[in-house]
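Protein chains: 2
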Amino acid sequence: MEKFNGSTIFETTRQPEEKNWRRWLIGRPLRTADEGEQAISKKVGLAVFASDAMSSTAYATQEIMFILAAAGSGALGYVFPISVAIVVLMAMVVISYEQTIHAYPGGGGAYIVSRDNLGELPAQTAGAALLTDYILTVAVSISSGVAQIASAFPVLFPYRVWIAVFLVVVIMLMNLRGVKESGTAFAIPSYFFVITMLITVGVGFYRYFTGTLGLVVNPPELMHEGAFVAVTPFLLLHAFSSGTAAMTGIEAVSNGVTAFKEPRSRNAGITLLWMAAILASLFMSISYLASKIHAIPSEEETVISQLARTVYGGQGILYLAIIAGTTIILILAANTAFAGFPRLGALQAADGYLPRQLTLRGSRLVFSWGIVSLAILSSLLIIVFQASVTRLIPLYAIGVFLSFTLSQAGMSRRWWKSGRLKPGSEVKETGSILRYDKAWWFKMIINGVGALCTFIVMIVFAVTKFEDGAWIVVLVIPTLVFLFFTIHHHYKQVARRLSLDKYNERADISRHRIIVLIGGVHRGSLAALNYARTLGTDVTAVHVGLDPSEVEKVRSKWEIYGEGTRLVILDSPYRLLMEPILQYIDKILANRKPNELVTIVVPQFVPAHWWANLLHNQTALLLRFTLMYKPGLVIVEVPYQV
Amino acid sequence: MEKFNGSTIFETTRQPEEKNWRRWLIGRPLRTADEGEQAISKKVGLAVFASDAMSSTAYATQEIMFILAAAGSGALGYVFPISVAIVVLMAMVVISYEQTIHAYPGGGGAYIVSRDNLGELPAQTAGAALLTDYILTVAVSISSGVAQIASAFPVLFPYRVWIAVFLVVVIMLMNLRGVKESGTAFAIPSYFFVITMLITVGVGFYRYFTGTLGLVVNPPELMHEGAFVAVTPFLLLHAFSSGTAAMTGIEAVSNGVTAFKEPRSRNAGITLLWMAAILASLFMSISYLASKIHAIPSEEETVISQLARTVYGGQGILYLAIIAGTTIILILAANTAFAGFPRLGALQAADGYLPRQLTLRGSRLVFSWGIVSLAILSSLLIIVFQASVTRLIPLYAIGVFLSFTLSQAGMSRRWWKSGRLKPGSEVKETGSILRYDKAWWFKMIINGVGALCTFIVMIVFAVTKFEDGAWIVVLVIPTLVFLFFTIHHHYKQVARRLSLDKYNERADISRHRIIVLIGGVHRGSLAALNYARTLGTDVTAVHVGLDPSEVEKVRSKWEIYGEGTRLVILDSPYRLLMEPILQYIDKILANRKPNELVTIVVPQFVPAHWWANLLHNQTALLLRFTLMYKPGLVIVEVPYQV
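Chain order of the listed sequences is A and B.
Numbering (the numbering used here) for the first sequence: 56 to 697.
Numbering (the numbering used here) for the second sequence: 56 to 697.
Note that these hints are calculated values from the structure, not bench results.
Treat the hints with caution; some may be incorrect.
Same chains, same names: a pair is fine if it fits in one copy or spans any two.
Stated by the list, open to error - Pairs of lysine-lysine residues, derived as DSS-like cross-links and limited to a Cα-Cα distance of at most 30 Å, are as follows:
| hint | residue 1 | residue 2 |
| --- | --- | --- |
| 1 | K557 | K612 |
| 2 | K557 | K608 |
| 3 | K316 | K97 |
| 4 | K608 | K483 |
| 5 | K493 | K472 |
| 6 | K612 | K547 |
| 7 | K608 | K547 |
| 8 | K98 | K316 |
| 9 | K316 | K493 |
| 10 | K547 | K685 |
| 11 | K493 | K477 |
| 12 | K493 | K483 |
Using the sequences provided together with the hints, build the complete structure.
This is the structure in structure tokens:
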């Protein structure tokens with residue numbers, strides 16, 4: 056023990072007692088002092104932050120084709136022009152985020168940018184959109200990864216839901232261990248994916264231009280009910296919005312600027328541009344080749360699988376390599392969400408908009424509550440939607456585009472504020488430093504146009520996908536925002552009530568009434584009586600008379616063991632336990648004088664085994680929960696161990 | 056308030072506060088003093104107690120035929136001889152129970168007879184068997200009732216499980232209201248069933264003997280997998296044991312002797328004989344006619360339905376009347392179990408072999424815990440077995456025959472004891488008066504042979520039905536008996552520990568240490584500090600240091616508001632809350648002097664709405680559950696309402 060400034064410090068030397076299985080699953084506990092972060096290079100950064108974005112090339116093409124298929128296999132040729140349009144939009148968003156990275160070297164996700172530049176409501180909206188989207192990222196990526204596996208091994212198709220849930224649990228455990236995002240664990244599979252994909256696409260183009268590529272052998276059947284529809288502008292917009300799933304994950308780099316080596320913003324910006332270039336070229340190539348080989352969108356075999364076996368002329372080693380690479384990158388994409396969701400949750404919780412528990416760090420220094428919540432919510436989604444990527448996609452991307460829009464609108468507003476400053480001056484804000492920039496109007500326009508475009512895409516998405524499931528997200532996001540503000544109101548109110556402003560010193564106590572509740576006269580209740588008598592002299596024992604013969608027994612035993620304490624029998628004609636006690640206490644509280652203290656002493660019987668609690672009325676617990684809500688009562692539980 | 060013998064009685068005048076929906080569902084509360092029982096006549100008694108037994112005629116024939124069907128439709132003709140054999144066995148059991156009724160005018164179920172004559176183990180075995188069987192009665196009767204409805208309205212067949220569960224809930228609510236078993240509510244449908252059945256059978260015989268009956272039109276298909284087996288003795292015994300389901304419910308009259316008008320035993324005995332006569336003749340008639348019209352056992356249409364539409368030549372009003380009557384009697388049979396299960400549960404609980412809660416009477420003077428438990432368990436059975444009578448039947452009847460055997464063995468032992476008495480003398484036992492009876496050896500033989508027969512049938516049943524599901528009951532009953540004795544051991548131990556034998560007066564307290572746990576310095580924790588200072592002068596405030604900046608805040612605020620109380624900071628390098636507290640308290644307890652009292656004061660923050668508890672760490676509750684198990688600690692919770 057060490058004395059310091061009038062208080063004593065008690066050193067806790069013992070390590071937390073962890074169950075063995077728990078230590079085996081998530082590792083030994085870490086000290087708070089052990090925390091530290093390593094800066095990462097551009098090369099590793101690309102692997103860490105790009106897996107989410109690049110993984111979407113695994114399903115984006117297929118999702119466009121699913122929509123086009125409604126107009127027959129002839130319409131599938133539109134997949135390439137639509138992909139080009141998506142890449143144009145992507146370019147705008149990337150330029151916009153490049154600016155954000157330089158403005159927020161401390162990390163600028165949509166939440167922080169909106170909070171600092173637009174206010175609480177847009178910030179919480181961005182938070183709701185992002186949290187929803189992280190959950191969907193896990194569900195979509197894992198479902199898509201499992202679909203890849205099932206394409207290669209159709210025997211696993213019926214078990215896809217449980218394989219998906221199992222993978223979510225594995226990723227959750229990895230994250231509870233606190234896998235460092237840096238390092239080769241991430242880099243190897245990411246580059247493996249990019250390289251195998253580039254090879255596949257390269258070989259594909261070579262065979263296409265030499266005329267040896269041909270069409271898919273045994274393509275899956277084109278699933279379609281009823282007559283084919285015509286190719287309308289609505290159909291094309293619908294397909295376009297499905298394809299925008301390719302853009303999810305782009306914001307990851309801007310969230311993680313702090314992880315990069317100095318000069319942070321520059322390195323992060325270059326990484327973002329590299330990521331975008333790879334993403335755009337892979338996506339366009341896959342779309343182009345898929346339409347040339349007449350791939351058919353299907354739940355049973357993915358377009359990537361069809362492309363790979365056409366390019367390599369069968370299911371050889373290279374085919375398996377591409378399937379393995381795709382599966383792994385999809386699972387890593389889910390892992391990105393596991394990094395983002397708990398951090399955003401902790402930020403919002405620290406601001407008082409989510410339960411405080413989300414800010415607590417578990418034994419491995421990670422935000423355990425957030426990790427577990429994400430795993431539960433995404434598993435539920437997977438189960439409800441039966442791990443079907445096509446059914447999940449309509450829920451996806453609205454959140455992404457809403458956060459894109461808010462983030463860019465926030466940046467635009469920030470440039471406008473920067474234009475109001477004197478040249479050369481700067482202002483310190485919560486998350487960044489605002490400097491005058493002479494090109495402020497130009498940058499404002501870039502971000503503004505970006506915001507406008509993503510806003511339009513979001514509306515197109517919501518309208519075209521409304522019936523397919525987008526309505527769910529349209530309902531969920533405002534509900535979440537409402538919930539966040541309700542939570543915030545609660546915390547503000549609690550803080551106000553607990554505040555020591557205008558705190559008056561306590562007045563002297565005029566009377567201390569002590570009431571001992573006894574169910575019978577035995578060692579347990581006498582222990583409670585003894586304790587009650589140490590608290591003061593004004594002690595009353597109270598027994599609820601459920602059974603007349605029991606009342607007689609209590610009375611006569613009390614004569615012997617009650618030490619002269621006053622006994623009150625509460626009459627209970629309806630055989631109720633709680634109501635007579637409450638009525639009695641209410642009467643005492645009603646007649647209370649100022650500064651009168653009332654203490655209720657409850658004997659608590661503690662059995663040796665937890666299951667034995669089932670064999671006893673949990674009266675003490677019930678009393679605790681009921682009396683807790685009566686102001687001015689103190690509850691004393693005197694345990695009696697058997 | 057009334058003074059009496061040194062204690063005060065506080066009159067509770069207020070009626071219990073019931074939620075409106077609750078009062079609507081189960082009615083206004085009843086006073087304990089309102090209890091009273093009405094004696095019933097033989098006519099009403101027949102309706103009340105016979106519905107369980109008579110209802111089994113609705114399925115017993117069919118269940119015999121299901122087994123015989125394995126040997127092809129030709130073997131179905133054995134249904135009548137098998138039914139005759141069952142009626143012979145029934146006659147023996149009825150004679151045996153007639154004797155029990157006279158010996159136990161206070162009501163003599165298998166549990167009481169075994170307890171008084173055979174000892175604890177047989178009694179608890181009988182209890183386990185009967186409780187299991189009550190649950191099965193509900194599941195089988197309701198499932199069979201729903202099967203009747205589905206026979207008439209095949210469109211309802213896919214919803215049978217949920218219809219069955221809904222009916223269980225309705226019967227549960229009726230019983231929670233405390234429907235008096237007497238009265239016309241029971242009599243009308245029971246007699247309606249008996250009369251429509253007798254008419255149907257009568258018309259059937261008339262048409263059979265006049266040669267106009269013919270065969271079933273469009274009988275259901277005979278479901279059978281694989282080749283037909285030969286008619287072996289095993290097959291016949293198997294069919295016989297299925298048919299013994301007809302005997303379930305016979306014991307009901309002997310349980311309810313007290314409900315009859317004086318002379319009780321005589322009236323109850325006559326009622327039993329009437330019931331047996333009706334049951335036997337209906338059962339044999341149905342079996343005879345079913346084989347003559349070539350009825351086919353089926354899950355989709357019951358044999359009763361086939362018989363009724365053959366007798367009446369179509370699905371007219373008389374057909375619907377018989378289906379309605381059968382359905383209602385089956386539902387009433389479930390109701391009989393709802394009368395029996397809670398009473399037996401309360402008896403066993405009063406003897407200390409089941410949780411005490413089963414002896415508590417709810418607001419309507421019924422054993423609510425037993426009623427709700429029965430509803431939950433039987434609903435689970437219905438769901439697991441998909442409301443299939445044929446799959447439930449193999450579980451049924453073992454329990455019945457086990458209780459028959461024990462009850463008759465008990466009676467046999469009782470006659471033997473009676474023979475040991477001097478002529479004319481009598482001995483008072485727990486549940487009855489044992490008198491010398493000069494025909495004791497004759498009566499002993501009747502009960503003994505009855506016990507032997509039912510024992511043999513039980514073994515036949517267990518062997519022939521073992522694979523079909525009887526093994527479940529063979530496992531469940533001993534498990535329950537083991538559980539009962541474990542519970543009994545626990546209660547005995549608790550009673551011994553709480554007993555005031557050798558109780559020593561308390562010694563004087565040498566020191567009273569008070570420890571206040573504080574999470575921060577605010578109005579809530581200062582309220583706890585103020586209370587702690589009223590308990591004594593030896594007060595220590597303890598704060599777990601999770602966050603160094605928070606520790607500094609607590610320290611500096613404590614200087615201002617701590618009123619000079621000693622503050623101990625518990626170091627927590629692993630960010631754990633409970634472990635440092637436990638370690639600190641363990642150290643204090645280890646160094647404790649004799650008669651030193653340690654009190655832990657915990658500020659408990661009470662939000663205005665229950666849901667707000669989700670937004671706060673439940674530290675106080677966690678501490679309560681952890682510290683409760685440390686002997687010699689008292690926990691004081693000082694609530695602070697926001």
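We went through each hint and held it up to the structure:
no.	hint	result
1	K557 with K612	between (51 Å within a copy, 15 Å between copies)
2	K557 with K608	between (52 Å within a copy, 19 Å between copies)
3	K316 with K97	within (8 Å within a copy, 95 Å between copies)
4	K608 with K483	between (76 Å within a copy, 26 Å between copies)
5	K493 with K472	within (12 Å within a copy, 113 Å between copies)
6	K612 with K547	between (53 Å within a copy, 20 Å between copies)
7	K608 with K547	between (53 Å within a copy, 19 Å between copies)
8	K98 with K316	within (11 Å within a copy, 95 Å between copies)
9	K316 with K493	within (28 Å within a copy, 105 Å between copies)
10	K547 with K685	within (23 Å within a copy, 37 Å between copies)
11	K493 with K477	within (10 Å within a copy, 122 Å between copies)
12	K493 with K483	within (18 Å within a copy, 109 Å between copies)
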